[in-house]
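Enquirer: Residue numbers (the UniProt record's numbering), protein chains in the order written: chain A, 1 to 566; chain B, 1 to 566.
Don't read these hints as lab results, they were simulated from the structure.
All values reported here derive from a predicted model rather than from experimental measurement.
Hints are not guaranteed to be accurate.
Same chains, same label: a pair holds when it works inside one copy or across any pair of copies.
Straight-line alpha carbon distances no greater than 25 Å define the calculated DMTMM-like cross-link-like pairs of lysine to aspartate or glutamate that follow [what the hints assert, rightly or not]: (1) LYS451 to ASP329; (2) LYS197 to GLU491; (3) LYS451 to GLU330; (4) LYS451 to GLU368; (5) LYS197 to ASP490; (6) LYS197 to ASP461; (7) LYS344 to ASP483; (8) LYS451 to ASP431; (9) LYS76 to GLU64; (10) LYS232 to GLU374; (11) LYS365 to ASP461; (12) LYS365 to ASP483; (13) LYS227 to GLU80.
2 protein chains.
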Amino acid sequence: MSPSVSAPVDTVTVGPIEGSEKGYRAIAGSNGTLRVPFRRISLTNGDHHDVYDTSGPYTQYASEDQLHDLQAGLPKTRDEWAKPEPVATENGGAGARTQLAWARAGVITDEIRFVAAREGFDPEFVRAEVAAGRAVIPANHKHPELEPAIIGKAFAVKINANIGNSAVTSSIGEEVEKMVWATRWGGDTIMDLSTGKDIHETREWIMRNSPVPVGTVPIYQALEKVKGDPTKLTWEIYRDTVIEQCEQGVDYMTVHAGVLLRYVPLAANRVTGIVSRGGSIMAAWCLAHHEESFLYTHFGELCEILREYDVTFSLGDGLRPGSIADANDEAQFAELRTLGELTKIAKSYGVQVMIEGPGHVPMHKIVENVRLEEELCEEAPFYTLGPLATDIAPAYDHITSAIGAAIIAQAGTAMLCYVTPKEHLGLPNRDDVKTGVITYKIAAHSADLAKGHPGAQSRDDELSKARFEFRWVDQFNLSLDPDTAREFHDETLPAEPAKTAHFCSMCGPKFCSMRISADVRAYAQEHNLVTQEDIAAKLAADMAEKSKEFTDAGGRVYIPLETAQR
Amino acid sequence: MSPSVSAPVDTVTVGPIEGSEKGYRAIAGSNGTLRVPFRRISLTNGDHHDVYDTSGPYTQYASEDQLHDLQAGLPKTRDEWAKPEPVATENGGAGARTQLAWARAGVITDEIRFVAAREGFDPEFVRAEVAAGRAVIPANHKHPELEPAIIGKAFAVKINANIGNSAVTSSIGEEVEKMVWATRWGGDTIMDLSTGKDIHETREWIMRNSPVPVGTVPIYQALEKVKGDPTKLTWEIYRDTVIEQCEQGVDYMTVHAGVLLRYVPLAANRVTGIVSRGGSIMAAWCLAHHEESFLYTHFGELCEILREYDVTFSLGDGLRPGSIADANDEAQFAELRTLGELTKIAKSYGVQVMIEGPGHVPMHKIVENVRLEEELCEEAPFYTLGPLATDIAPAYDHITSAIGAAIIAQAGTAMLCYVTPKEHLGLPNRDDVKTGVITYKIAAHSADLAKGHPGAQSRDDELSKARFEFRWVDQFNLSLDPDTAREFHDETLPAEPAKTAHFCSMCGPKFCSMRISADVRAYAQEHNLVTQEDIAAKLAADMAEKSKEFTDAGGRVYIPLETAQR
Numbered sequence: 001m002s003p004s005v006s007a008p009v010d011t012v013t014v015g016p017i018e019g020s021e022k023g024y025r026a027i028a029g030s031n032g033t034l035r036v037p038f039r040r041i042s043l044t045n046g047d048h049h050d051v052y053d054t055s056g057p058y059t060q061y062a063s064e065d066q067l068h069d070l071q072a073g074l075p076k077t078r079d080e081w082a083k084p085e086p087v088a089t090e091n092g093g094a095g096a097r098t099q100l101a102w103a104r105a106g107v108i109t110d111e112i113r114f115v116a117a118r119e120g121f122d123p124e125f126v127r128a129e130v131a132a133g134r135a136v137i138p139a140n141h142k143h144p145e146l147e148p149a150i151i152g153k154a155f156a157v158k159i160n161a162n163i164g165n166s167a168v169t170s171s172i173g174e175e176v177e178k179m180v181w182a183t184r185w186g187g188d189t190i191m192d193l194s195t196g197k198d199i200h201e202t203r204e205w206i207m208r209n210s211p212v213p214v215g216t217v218p219i220y221q222a223l224e225k226v227k228g229d230p231t232k233l234t235w236e237i238y239r240d241t242v243i244e245q246c247e248q249g250v251d252y253m254t255v256h257a258g259v260l261l262r263y264v265p266l267a268a269n270r271v272t273g274i275v276s277r278g279g280s281i282m283a284a285w286c287l288a289h290h291e292e293s294f295l296y297t298h299f300g301e302l303c304e305i306l307r308e309y310d311v312t313f314s315l316g317d318g319l320r321p322g323s324i325a326d327a328n329d330e331a332q333f334a335e336l337r338t339l340g341e342l343t344k345i346a347k348s349y350g351v352q353v354m355i356e357g358p359g360h361v362p363m364h365k366i367v368e369n370v371r372l373e374e375e376l377c378e379e380a381p382f383y384t385l386g387p388l389a390t391d392i393a394p395a396y397d398h399i400t401s402a403i404g405a406a407i408i409a410q411a412g413t414a415m416l417c418y419v420t421p422k423e424h425l426g427l428p429n430r431d432d433v434k435t436g437v438i439t440y441k442i443a444a445h446s447a448d449l450a451k452g453h454p455g456a457q458s459r460d461d462e463l464s465k466a467r468f469e470f471r472w473v474d475q476f477n478l479s480l481d482p483d484t485a486r487e488f489h490d491e492t493l494p495a496e497p498a499k500t501a502h503f504c505s506m507c508g509p510k511f512c513s514m515r516i517s518a519d520v521r522a523y524a525q526e527h528n529l530v531t532q533e534d535i536a537a538k539l540a541a542d543m544a545e546k547s548k549e550f551t552d553a554g555g556r557v558y559i560p561l562e563t564a565q566r
Numbered sequence: 001m002s003p004s005v006s007a008p009v010d011t012v013t014v015g016p017i018e019g020s021e022k023g024y025r026a027i028a029g030s031n032g033t034l035r036v037p038f039r040r041i042s043l044t045n046g047d048h049h050d051v052y053d054t055s056g057p058y059t060q061y062a063s064e065d066q067l068h069d070l071q072a073g074l075p076k077t078r079d080e081w082a083k084p085e086p087v088a089t090e091n092g093g094a095g096a097r098t099q100l101a102w103a104r105a106g107v108i109t110d111e112i113r114f115v116a117a118r119e120g121f122d123p124e125f126v127r128a129e130v131a132a133g134r135a136v137i138p139a140n141h142k143h144p145e146l147e148p149a150i151i152g153k154a155f156a157v158k159i160n161a162n163i164g165n166s167a168v169t170s171s172i173g174e175e176v177e178k179m180v181w182a183t184r185w186g187g188d189t190i191m192d193l194s195t196g197k198d199i200h201e202t203r204e205w206i207m208r209n210s211p212v213p214v215g216t217v218p219i220y221q222a223l224e225k226v227k228g229d230p231t232k233l234t235w236e237i238y239r240d241t242v243i244e245q246c247e248q249g250v251d252y253m254t255v256h257a258g259v260l261l262r263y264v265p266l267a268a269n270r271v272t273g274i275v276s277r278g279g280s281i282m283a284a285w286c287l288a289h290h291e292e293s294f295l296y297t298h299f300g301e302l303c304e305i306l307r308e309y310d311v312t313f314s315l316g317d318g319l320r321p322g323s324i325a326d327a328n329d330e331a332q333f334a335e336l337r338t339l340g341e342l343t344k345i346a347k348s349y350g351v352q353v354m355i356e357g358p359g360h361v362p363m364h365k366i367v368e369n370v371r372l373e374e375e376l377c378e379e380a381p382f383y384t385l386g387p388l389a390t391d392i393a394p395a396y397d398h399i400t401s402a403i404g405a406a407i408i409a410q411a412g413t414a415m416l417c418y419v420t421p422k423e424h425l426g427l428p429n430r431d432d433v434k435t436g437v438i439t440y441k442i443a444a445h446s447a448d449l450a451k452g453h454p455g456a457q458s459r460d461d462e463l464s465k466a467r468f469e470f471r472w473v474d475q476f477n478l479s480l481d482p483d484t485a486r487e488f489h490d491e492t493l494p495a496e497p498a499k500t501a502h503f504c505s506m507c508g509p510k511f512c513s514m515r516i517s518a519d520v521r522a523y524a525q526e527h528n529l530v531t532q533e534d535i536a537a538k539l540a541a542d543m544a545e546k547s548k549e550f551t552d553a554g555g556r557v558y559i560p561l562e563t564a565q566r
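Can you make the complete structure from the sequences, with help from the hints?
Expert: Pasting the structure below:
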């Protein structure tokens, strides 16, 4: 299948990220070679630093001339990977062809090999995490363009970027560009949340050109099919929509099957009621029909469909809090308990599961969310939206939520759904998407550091060394956003020589006469002093000499690169 | 004293914050009336919400015509407040006229009355916190233009905005405007870190026009006096600079007296050495002279000077980590132990003390900083710079540091020194100052919520109610930055009617047919159901009726204001 509308998308952003080169490392798959992507940042001292890369071939193309035919889509690489035989599951049928079922049966798939190499883990460790349901690899058999990624608390924290049009804004072309743009800056997955026209067509263009897993919320499209009236929804309409999306290659789907009829009244006295769109649709349906949610009553059938494609459940938190006042209330946790039940059912069918989490939560109530999710949902990967740590800063909710996101990720959340500056105010444009992605890379990486993720700190260390040694260009290029770092620097010191200058605009050339720390270090090396005790002893024994040496050298003082900070 | 340069500053930003009116509440002082400032946000439903206000009369002036004569400065209101008699201190002299000494002697000063009314605490509680050294009220007798503020962990978390020129940038006028601008958006104190020309004059203009406490780092000006050569610094030059600044009315001073000669080698093997400017100056001096720091050896004399004016010590962390790699190392904590000793000495002289903290610290090492500071420094107010939770995001360090700042404030930090997007890259301009202040208000308020600060959540609740009821203008005006919230909204739905529309650009008019939560709530009220159990029981007993009612009402569904979020 390929998009049927004649080329409404003619181009997207291409070209390497400043100072970097896209590369692929070849590893052995069971059916031939797997090409594992990475990005190499070259340093001016001759070294380089490799980082995880989500951007697909778009950053490999030197110019638009090299861009593949967007209508044909990316190469269908995964079609050539090994396809193990189906294996039996508890709720059986003809057997399952899912990462979970295979992992439980001891099979190391090419997808596992790929993500293991991509993150630097042993494939057997990855398999065990997937088998335990503590990690998922969302990878629909019908998304062969995918470069698989793993989501689980033992791995680097991932981030998702939401895109999608609405009834009042944007075109297919804009949405495809948002996908390319979001993954350029580090989006590990994207969700297409379109609710406007051309939903199927927009998704087809995105799927065929997306190197990352794509998620959707099928109820949105189902609602379009009944002209926006939730009471007209039926299981059959929903089921057919899910199958349609599975066929297109969607890798994971948000399903709000935990919004039960009896939970709806629990939201009555909340400050902000039900704020999940899917949650409110299902609540409306339940109330109108006074029946239990068809997502809940037909959950087994849904599992059978998703299993067929190896689509991963993202069990939605339809009753998540929409304000600080509503955090961690009975409505929220009642639904979470039901998500725990559904997790076990899905896994019995061999279907992979993630659990969605809040929302708006004050800092002191964040960790409880993770503990409870892990307890109730057998440590299925937690996938949270922020949470926002306060409600009072619309236009800055990427920041209010990055605070909550970093804390919840440190506590064990596996993937963070980004929030852009436009949250609560409008739909994000291209700049907002970038700001949201970079902000969430910060939250995710901060959590990786706090969790001691192997290798996470090396990038901080490289950048800090570059900073200390006044290697400005390296500092820019090692950063999450080289373009903006350079632009900010150049606002006050635009000349090219300043890039190698041993000073900056914060103190100016006179103050920045040089670095005492470097002097002390040089002294230590010169005298072959290894430990700090050596240095202290030598200094004590050798006071006058050092004093004279230092004064002779001009009494140079390291003036820091911190901005005018005390 | 007033600025001697003939009016280099002719104007600054004036006018109310959108949707608000500046007000003053009269309370009884011991010598007449005290006028306590606040800001009243009017709501479209006829209510209002009052918030703490730091902006001085600038937001009261309707236009530039009403601006006071900047050369004469703000009214010297505090000159009319009560001046209690000096009281004895452990290290005595003629007795002390400081908030600490008075509080210990049981005196409730007008400054205490003022801050107690401003924050909604009992004056006696405030006095006890000041007496214990757990809170400070930086208020130089020679800064009569000041509206005092309290800094301590029992109170709302405060934020500081750094301003100041450097050898390569900016003018006096720009710096005065930055002060007005920073306090307009919520800066509780400002630090003038000028290192360029006209340091004395710039400070004079700032002091005379600042309604908030002003901090400085006197060693910067002292270094200017010796033409930037740290080895030429002497105690006498430093002392005279401190006296000069005390005479001008500076309210608190950063003193890096904990950088001892023997600690300097501890920084030798760090990734980023010494990054505090003051710390590196003193380290250079110590190494060059091979003597103990004159700030340490003359600390008692310094206490006598600061006591005379009631200037508060901000004991600087000259060895704070400048990178994730250096966090919580021996250099940092060795200095902190010395700051603990100096805290006790300063307090024995009756001088108020804050302790400065890092810097760059990964999330899992943040809380240890607070615990150790409290243990070593008798819970003196902790005043931290961020900390940045990762090094890899120059151009976004307001965000990397807001994550750390929120966490460290939740743990007990009393004041947060802001970081702007230009950190590590250049000096902040006016926009950067605003971004830094708003970002830090977010961190501080998030911590207030997490600490259960009385009244903190009411603003979140008001804003969330406004959001839920589609009172767009109230949502904007209750936010930290009404201008930007409105601007972002208007990008996609610019027409004025949209401000009251019961929908927004995220879903559009069709989807946003209305609110199931409101429906459920209305149903509950109609049937006089109070508890959630009542509602659930009634619903169960009354299924068919409700179902019909809901369907008759058009099956309206609340579509949330969250941006396209699942």
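Enquirer: If a hint holds in the structure, say so; if it doesn't, say that too.
Expert: How the hints compare with the structure:
1. Taking identical chains as interchangeable, the C-alpha atoms of LYS451 and ASP329 lie at most 25 Å apart only when they sit on different chains, with a minimum of 19 Å there against 28 Å within one chain.
2. In this homomeric assembly, LYS197 and GLU491 come within 25 Å of each other (Cα to Cα) only across copies, at 21 Å, whereas the closest approach inside a single copy is 42 Å.
3. With identical chains, the CA atoms of LYS451 and GLU330 are at most 25 Å apart between copies only, with a shortest distance of 22 Å across copies and 30 Å within one.
4. In this assembly of identical chains, LYS451 and GLU368 lie within 25 Å of each other by CA distance both inside one copy and across copies; the values are 18 Å within and 16 Å between.
5. Taking the shortest Cα distances, LYS197 and ASP490 sit within 25 Å of each other only across copies (23 Å), while inside one copy they are farther apart (43 Å).
6. Within a single copy, LYS197 and ASP461 get their C-alpha atoms no closer than 48 Å, and across copies no closer than 36 Å, so neither meets the 25 Å cut-off.
7. Taking the shortest alpha-carbon separations for LYS344 and ASP483, neither the intra-copy value of 46 Å nor the inter-copy value of 48 Å comes in at or below 25 Å.
8. In this homomeric assembly, LYS451 and ASP431 never come within 25 Å of each other (Cα to Cα): the closest approach is 30 Å inside a single copy and 34 Å across copies.
9. Proximity of LYS76 and GLU64 under a CA criterion of 25 Å is satisfied intra-copy only: 21 Å inside one chain copy versus 65 Å between copies.
10. Taking CA atoms no more than 25 Å apart as the test, LYS232 paired with GLU374 passes in neither setting, with 36 Å inside one copy and 61 Å between copies.
11. Taking the shortest alpha-carbon separations for LYS365 and ASP461, only the inter-copy value of 16 Å comes in at or below 25 Å, while the best intra-copy value is 32 Å.
12. With identical chains, the CA atoms of LYS365 and ASP483 are never at most 25 Å apart, being 37 Å at best within one copy and 31 Å at best between copies.
13. Within a single copy, LYS227 and GLU80 get their C-alpha atoms no closer than 41 Å, and across copies no closer than 70 Å, so neither meets the 25 Å cut-off.
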